[in-house]
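Student: Sequence:
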Amino acid sequence: MSAPDPLIVAEAWVREGRGVALATVVETWGSAPRPAGSALAIDQDGRFEGSVSGGCVEGAVVAEAAEVIASGRPRLLEFGVADETAWRVGLSCGGRIRVFVEKVG
Numbered sequence: 001m002s003a004p005d006p007l008i009v010a011e012a013w014v015r016e017g018r019g020v021a022l023a024t025v026v027e028t029w030g031s032a033p034r035p036a037g038s039a040l041a042i043d044q045d046g047r048f049e050g051s052v053s054g055g056c057v058e059g060a061v062v063a064e065a066a067e068v069i070a071s072g073r074p075r076l077l078e079f080g081v082a083d084e085t086a087w088r089v090g091l092s093c094g095g096r097i098r099v100f101v102e103k104v105g
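With our numbering, you'll find the sequence shown wraps up at 105, consecutive numbering, no jumps.
Hints are supplied without guarantee of correctness; some may be wrong.
To be verified - Calculated lysine to aspartate or glutamate pairs in the EDC-like style (CA-CA distance at most 16 Å, straight line):
| # | residue 1 | residue 2 |
| --- | --- | --- |
| 1 | K103 | D45 |
| 2 | K103 | E64 |
| 3 | K103 | E67 |
| 4 | K103 | E27 |
These aren't lab readings, by the way, just hints derived from the structure by calculation.
Please put together the full structure from these sequences, using the hints given.
Tutor: If you want it as structure tokens, here you go:
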């Protein structure tokens, strides 16, 4: 059985009245855990479905998504081995990724 599509999950959560953000990998360089177009749906309680990394970046993206849901302002996040944040979240695979996080509603 395949995992649920994060876009469909986000749409269902919005219909339920939840605050929802969608994180999408928009660019990758080098060895990246997920390709461009990979998505992660996040609700206001921190529940999420999908993936934008091998698991190492999701925690940071979920935290940023909470602020996007609250403010309504999208963010472009970048994680890579040259970035101290990347080491903190465990992205040491040699690549870089950019993730766009926007509120769905």
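Student: Please verify whether K103 and E27 have alpha carbons no more than 16 Å apart.
Tutor: 19 Å, violated
Student: Holds or violated: are the alpha carbons of K103 and E67 at most 16 Å from each other?
Tutor: 10 Å, holds
Student: Could you grab the alpha-carbon distance between K103 and E64 and see if it respects the 16 Å cut-off?
Tutor: Holds, because 11 Å separates the two Cα atoms, which is no more than 16 Å.
Student: Next pair to validate is K103 with D45; report whether the Cα-Cα distance is within 16 Å.
Tutor: Holds: K103 and D45 sit about 14 Å apart, inside 16 Å.
The structure shown violates just one earlier hint, number 4.
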